[in-house]
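Here the protein sequences line up with chains A and B, keeping their order. Under this note's numbering, the first sequence has 30 at position 30, and the numbering climbs by one with no breaks. Under this note's numbering, the second sequence has 196 at position 196, and the numbering climbs by one with no breaks.
Read the hints as simulated data drawn from the structure, not as lab findings. Note that CB positions come from ideal geometry on N, CA and C, so glycine has one too. The reader is advised that the hints may include incorrect statements.
What the hints assert, rightly or not - Going by beta-carbon spacing under 7 Å, a handful of chain B positions derived as facing chain A:
1. 41
2. 51
3. 73
4. 74
5. 151
6. 153
7. 154
Claimed, not checked - A partial selection of chain B residues facing chain A, derived with a Cβ cut-off under 7 Å:
8. 49
9. 64
10. 70
11. 139
12. 142
13. 145
14. 157
There are 2 protein chains.
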Amino acid sequence: MPDKEMITVLEAPTREEAAEAVKSALSRRRILMMVGNCWVNYQGRARSILNPGERILIIKEDGSVLVHRPRGYEPVNWQPPGCIFHSGLEGDVLFIKAVRRKPREVLQVFFDKIYFLAAMSLLDKGEFSLHASEEEMQKAIMNQPSLIEDGLRIIAYEKKVEPGFVDVYGVDRDGRLVVIEIKRRTAGKEAVLQLSRYVDSLRGEHGRKVRGILVAPKIARQA
Amino acid sequence: MPDKEMITVLEAPTREEAAEAVKSALSRRRILMMVGNCWVNYQGRARSILNPGERILIIKEDGSVLVHRPRGYEPVNWQPPGCIFHSGLEGDVLFIKAVRRKPREVLQVFFDKIYFLAAMSLLDKGEFSLHASEEEMQKAIMNQPSLIEDGLRIIAYEKKVEPGFVDVYGVDRDGRLVVIEIKRRTAGKEAVLQLSRYVDSLRGEHGRKVRGILVAPKIARQA
DNA sequence: CGTGCCAGGTGCCAT
DNA sequence: ATGGCACTTGGCACG
């Protein structure tokens, strides 16, 4: 059960209480969650202004910041990990300033009403594993080249890239070089251009016949 | 101040209390925030497993889902808006299942400890404005072509040419066609290739001198 | 470090 | 719906 040391919850705190809790959470590198009425300025690679409204603010222990509106998967404003924080009261407003160096970016959040605030330390050692559903396709091609074409021999593959994309090099039944590009998603014209550039460059290099094969769940009409 | 109707906070609820609160929040389309020990399965475009650990779960009123670990800007698991939910108790475990159609994706979160739960309705009508996007750069150039070059006349923007779209299209002081490609970030060789394809295509089409201009904060060494 | 490239990318807007 | 493309893209691997 939640130890008092582990999670602190304030419902409808005063701005002074909230300011104190924010300072404490940030200095102790605890995770901070706040809900209230706020407005946000961002300046850095771009510049943005978010007018007042009710949102969720999350500051994580690694110094990343998220501002979430009531809708949408993405945060409306954010700051990547590594920020340095300043916070305090400015008149009737609680401000939190998150500064990132390299590139220099500043995010400022101003609260005039705080509905609730939570500060906590979470322990998460759980392993995360992601399996691309097309990864089996890649393995299948490596193990069973005949899935693509009879008589195909695999020579090499670009194993450095992440699952979902791999270049496979092989030789077909007639001794021609074969370049296979696997796309996990619908392949657009950019994929075709990229493959054709590979093929051209290999053709120039080897002076042999080279074929390119594009393997994808779907190909845009410009095939 | 937070109306009881507006925000409900449960500290260290029992699983039964939490299950009730979750059902209520989901059916009334309120925003749900939970903190506790959980594990997560995802299956859809890919497949993932997240082993047990302490995390933050947020379900928004539009049916989007976020699972956040204690670190990192990005959610470890998520679901875009529009999900349909099922939840309940399965033995000692509180489960929440978020199903998305088109594409079919299923996210399942299982809690065995809930440290904290909040359900709320937030009102957010605040306008969001972002500046210094590529769009704004384009407008600035459209309004003030001399920013690029004296004597430049703009003819069109987002003009469709063979390989794709040209950002800005004009004629310079000496009557030569000018193609301007705008990149908000460091322009790599891909941008150069793209621009050169545009230039080639237009040169072939018009049989006139064509210049390409790349507008970007920085250009990779392969210029 | 910069450069390149994938991502369960997401989102926006065009046809 | 499909396609094309920008994004404060973020993230990682590699030279």
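Evaluation of the provided hints:
For residue 41 of chain B, the shortest C-beta to C-beta distance to chain A is roughly 11 Å, which exceeds 7 Å, and the interface hint is violated. With a cut of 7 Å, the hint placing residue 51 of chain B at the interface with chain A holds, because the nearest CB-to-CB distance is about 4 Å. Interface hint at residue 73 of chain B: satisfied, since its Cβ lies 5 Å from the closest Cβ of chain A, which is below the 7 Å cut-off. Of the supplied interface hints, the one on residue 74 of chain B is violated, with its beta-carbon coming no nearer than about 9 Å to a beta-carbon of chain A, more than 7 Å.
Taken as an interface hint, residue 151 of chain B does not check out: its beta carbon lies about 30 Å from the nearest beta carbon of chain A, beyond 7 Å. With a least beta-carbon distance of about 29 Å to chain A, the hint placing residue 153 of chain B at the interface is violated under the 7 Å criterion. Look at residue 154 of chain B: its Cβ only gets to about 23 Å from chain A, farther than 7 Å, so that hint breaks. A cut of 7 Å between beta carbons decides the hint on residue 49 of chain B: the least distance to chain A is about 5 Å, and the hint holds.
The closest approach between the C-beta of residue 64 of chain B and any C-beta of chain A is roughly 5 Å, which is under the 7 Å cut-off, so the hint is satisfied. With a cut of 7 Å, the hint placing residue 70 of chain B at the interface with chain A holds, because the nearest CB-to-CB distance is about 4 Å. At its closest, the beta carbon of residue 139 of chain B sits 14 Å from a beta carbon of chain A; the interface hint therefore is violated under the 7 Å criterion. Against a cut-off of 7 Å between C-beta atoms, the interface hint on residue 142 of chain B is violated, since the closest Cβ of chain A lies about 19 Å away.
This hint is violated: residue 145 of chain B has a C-beta 23 Å from the nearest C-beta of chain A, more than the 7 Å allowed. At a threshold of 7 Å, the smallest CB-CB gap from residue 157 of chain B to chain A is about 20 Å, leaving the interface hint violated.
In summary, the structure is inconsistent with hints 1, 4, 5, 6, 7, 11, 12, 13 and 14 from the numbered list given earlier, while agreeing with the others.
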